[in-house]
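Protein chains: 10
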Amino acid sequence: MLFLVDIQVRKPETLDADAWEALTQAESDYGMEARRAGKQLHVWRKAGAYATLAVWDVEDNDELHTLISGLPLFHYLDITVTPLVVHPSTVRWEQIQAGGA
Amino acid sequence: MLFLVDIQVRKPETLDADAWEALTQAESDYGMEARRAGKQLHVWRKAGAYATLAVWDVEDNDELHTLISGLPLFHYLDITVTPLVVHPSTVRWEQIQAGGA
Amino acid sequence: MLFLVDIQVRKPETLDADAWEALTQAESDYGMEARRAGKQLHVWRKAGAYATLAVWDVEDNDELHTLISGLPLFHYLDITVTPLVVHPSTVRWEQIQAGGA
Amino acid sequence: MLFLVDIQVRKPETLDADAWEALTQAESDYGMEARRAGKQLHVWRKAGAYATLAVWDVEDNDELHTLISGLPLFHYLDITVTPLVVHPSTVRWEQIQAGGA
Amino acid sequence: MLFLVDIQVRKPETLDADAWEALTQAESDYGMEARRAGKQLHVWRKAGAYATLAVWDVEDNDELHTLISGLPLFHYLDITVTPLVVHPSTVRWEQIQAGGA
Amino acid sequence: MLFLVDIQVRKPETLDADAWEALTQAESDYGMEARRAGKQLHVWRKAGAYATLAVWDVEDNDELHTLISGLPLFHYLDITVTPLVVHPSTVRWEQIQAGGA
Amino acid sequence: MLFLVDIQVRKPETLDADAWEALTQAESDYGMEARRAGKQLHVWRKAGAYATLAVWDVEDNDELHTLISGLPLFHYLDITVTPLVVHPSTVRWEQIQAGGA
Amino acid sequence: MLFLVDIQVRKPETLDADAWEALTQAESDYGMEARRAGKQLHVWRKAGAYATLAVWDVEDNDELHTLISGLPLFHYLDITVTPLVVHPSTVRWEQIQAGGA
Amino acid sequence: MLFLVDIQVRKPETLDADAWEALTQAESDYGMEARRAGKQLHVWRKAGAYATLAVWDVEDNDELHTLISGLPLFHYLDITVTPLVVHPSTVRWEQIQAGGA
Amino acid sequence: MLFLVDIQVRKPETLDADAWEALTQAESDYGMEARRAGKQLHVWRKAGAYATLAVWDVEDNDELHTLISGLPLFHYLDITVTPLVVHPSTVRWEQIQAGGA
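Protein chains in written order, with the numbering used here: chain A, 289 to 389; chain B, 289 to 389; chain C, 289 to 389; chain D, 289 to 389; chain E, 289 to 389; chain F, 289 to 389; chain G, 289 to 389; chain H, 289 to 389; chain I, 289 to 389; chain J, 289 to 389.
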């Protein structure tokens with residue numbers, strides 16, 4: 289089950305540089321694990337922004353929440369979640385593909 | 289070069305049902321052609337909405353504009369375009385993959 | 289899997305009263321069926337508004353989309369979908385209940 | 289009398305971790321008491337957010353205010369209150385149930 | 289139980305002048321009845337706007353909804369409902385008054 | 289001359305509890321004085337919020353500004369001012385009352 | 289007593305050109321009368337917009353409402369009213385002027 | 289004197305195709321004349337939108353208003369005007385250029 | 289050339305009272321100089337707010353920027369600039385005045 | 289490939305003046321280098337604001353992101369990126385120019 293997760297990072301003024309570096313490194317490791325587990329299918333950065341768009345593939349809302357609320361930067365993120373479904377044109381496209389068109 | 293294109297359809301009150309049906313059928317055919325040409329990589333519907341999220345892979349801004357402004361429903365769409373770049377975690381992921389990790 | 293679906297009805301100016309009456313009757317019948325099938329768990333009207341809040345219990349995003357996009361008034365609704373998860377306090381509450389507290 | 293209470297938590301940058309832990313523990317205890325007293329009927333977490341949606345069942349606006357303004361985290365919450373009424377479809381549904389339909 | 293009800297009138301372009309006149313006359317009669325019944329305590333017009341602010345005194349959310357959704361102009365109004373409670377300073381003021389201060 | 293004044297309190301993170309207590313006590317005293325002087329006709333708290341709605345009766349804009357900008361919490365308030373006028377239905381109501389209706 | 293009145297004109301699609309011309313001519317005449325009566329002190333057009341900013345000098349909120357709601361284009365205007373007071377720097381400026389500075 | 293003018297076109301539902309075609313042709317001719325007269329320095333289309341960004345070079349606000357309010361599509365445009373000034377880095381850049389750097 | 293400049297002051301939490309007093313005194317002196325130089329034609333305070341509306345009369349955008357960015361409180365202000373032009377009704381009014389009407 | 293980059297600077301309260309001065313000097317140097325490299329074609333300041341509008345000419349989204357995220361003030365900026373394409377009127381204008389018109 290797919291979700292688009294749109295994340296804008298808010299770098300806090302009062303956190304020192306080392307603590308921030310440690311958090312962003314942990315965030316990167318966390319993302320690798322989500323990728324390896326097949327939970328994060330796609331991730332892009334928005335050009336010119338400290339922001340990402342990712343497509344997550346999870347069992348259900350609970351798994352999505354567990355994964356997103358576990359992000360090391362969770363308290364420094366503005367997060368928007370959009371549940372997705374297969375688009376009719378994808379179904380049609382796959383039928384064309386299967387038919388050798 | 290990748291762009292997220294977020295589209296909300298505004299069905300006009302004053303268009304008759306046949307004209308709308310013809311437009312939406314043309315829209316679907318147009319999408320198939322974009323898919324076949326490798327220009328539209330992903331497309332999803334937002335759950336519970338008459339809206340889509342798609343990732344387009346184009347040569348440049350000009351090609352993006354030509355493709356989007358050619359949509360048969362163009363004048364009935366609220367469109368938001370977000371330029372995307374590869375995320376550092378994808379680079380790291382591909383290095384892990386290549387290294388057999 | 290639970291979703292809050294927040295719906296504001298936009299009554300169109302140009303639809304005649306009989307057509308609107310037929311649509312709202314169909315909407316009510318549709319809601320009964322969703323209730324009977326156990327898909328719509330709760331539904332409330334917002335006081336002083338032509339708007340509803342409902343909690344839907346569905347298999348996945350696809351089923352949610354099928355049910356919501358099938359609403360007879362779908363093209364006259366502003367819809368916001370919020371995926372929900374069990375709250376930790378509910379878990380704690382159920383443990384208290386089970387323990388006879 | 290029912291109200292939907294939508295709460296987004298704003299974790300303050302300058303509060304130390306222990307004080308925050310104490311506050312969130314107190315918040316959880318407070319919720320248990322509201323549940324036990326039959327004042328909080330439902331509560332969900334929004335998936336991927338530090339936010340809750342709850343349905344409160346209170347005597348009147350005064351009781352609602354007393355309960356909500358007594359939340360230990362009250363000064364760290366963005367709160368939206370929506371008064372609710374029984375939906376006509378619930379009335380119809382209960383008539384169907386009563387009639388053995 | 290008190291509510292502030294903030295109403296902005298949207299005069300529709302396509303309704304003819306007589307129908308609008310009939311509706312606004314019915315709206316005025318309806319307001320008189322609400323005033324007579326003690327349900328509408330205060331009502332003001334916003335200066336320079338086709339908009340009102342009113343304080344309603346009702347039994348509960350259900351009565352509020354019945355009264356507001358019965359407004360003859362209901363489908364031409366943008367309505368915001370705010371539940372109110374007695375302010376602590378009013379309590380203090382009444383104590384001062386009672387004490388002869 | 290009447291104005292609705294809508295106030296949302298923003299409790300600052302960095303002020304200590306005693307200073308805040310002193311300010312809110314001064315705010316309450318100030319309100320009593322405004323009430324006694326007949327300048328503040330009505331005041332309500334919004335249910336579930338740290339916010340008030342009040343109707344002020346002043347000579348002119350200057351008096352309104354003097355009174356509002358003198359609030360001890362002035363720099364911690366989001367304030368919206370709406371000038372009000374007598375509603376036509378109040379005039380009609382008073383005529384009915386006077387006529388013994 | 290001064291008010292800034294910010295007006296954006298919404299030209300309706302369905303009104304014919306002659307009716308619109310008559311309304312805008314009436315609006316201009318109405319403005320002349322307000323100017324002659326000393327009620328409208330200043331009026332400017334916003335550059336590049338079908339919008340005006342005007343400063344009105346009136347007895348009270350009631351006179352403001354009577355004047356603004358009497359505008360021939362009233363139902364085609366988005367209106368924002370801001371009550372103004374003399375700025376402290378104007379007082380200081382007038383003292384300097386009076387002192388020959 | 290420079291201004292950025294951001295324009296979003298709103299194609300009206302009720303205008304017939306020929307009238308629209310005539311208006312957009314007139315708009316294009318008008319733009320050519322502005323370009324020829326040195327009044328419109330730059331113009332771009334926003335990728336994926338029916339919208340333009342242009343930099344106008346005019347004598348003063350009056351000339352800007354005359355030019356923009358004369359656009360054949362004026363009543364179908366959402367227009368935002370931003371006055372611009374030379375950026376300090378341009379001054380520094382020109383000094384570098386002049387110095388042969 | 290006229291501009292409306294709308295300014296909302298944001299008093300910072302972390303600046304001490306003396307520094308703030310010095311800044312606001314400097315701001316007042318600065319305003320006096322602008323008034324004396326004929327650059328600031330009008331200035332009002334918004335009733336009930338820490339905010340001003342002023343009309344500036346400058347040579348061009350550059351002079352406006354130099355004057356506004358030189359305000360001692362510049363980094364604590366939310367500023368909106370609106371370029372103004374003479375309104376047609378002012379022209380008509382002046383013709384009436386000149387003709388002895 | 290062109291992009292409009294709209295930047296509003298947020299000067300942080302807690303950074304000392306020397307650190308801020310160093311950052312803004314580095315920002316200026318960075319801009320010079322972007323100008324020299326032909327990556328930043330135009331840059332303007334918004335009149336009366338601590339904000340810039342610039343047109344960047346880059347190879348692709350990746351280069352845009354590298355350049356913008358490398359700005360020394362990156363974490364203190366609100367940035368909006370708009371991909372641009374050549375406007376049809378520019379094409380027409382160039383044809384006129386080429387034809388000697």
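Some clues are possibly wrong.
As a list, the in silico DSS-like pairs of lysine-lysine whose alpha-carbon atoms are at most 30 angstroms apart [stated by the list, open to error]:
id, chain 1, residue 1, chain 2, residue 2
1, I, 327, I, 299
2, A, 327, A, 299
3, D, 327, A, 327
4, E, 299, G, 327
5, B, 299, G, 327
6, D, 299, I, 327
It should be emphasised that the hints constitute simulated quantities derived from the structure, not laboratory data.
Against the structure, the hints come out as follows:
{"no.": "1", "hint": "I/327 <-> I/299", "result": "26 angstroms, holds"}
{"no.": "2", "hint": "A/327 <-> A/299", "result": "26 angstroms, holds"}
{"no.": "3", "hint": "D/327 <-> A/327", "result": "38 angstroms, violated"}
{"no.": "4", "hint": "E/299 <-> G/327", "result": "27 angstroms, holds"}
{"no.": "5", "hint": "B/299 <-> G/327", "result": "46 angstroms, violated"}
{"no.": "6", "hint": "D/299 <-> I/327", "result": "46 angstroms, violated"}
In summary, the structure is inconsistent with hints 3, 5 and 6 from the numbered list given earlier, while agreeing with the others.
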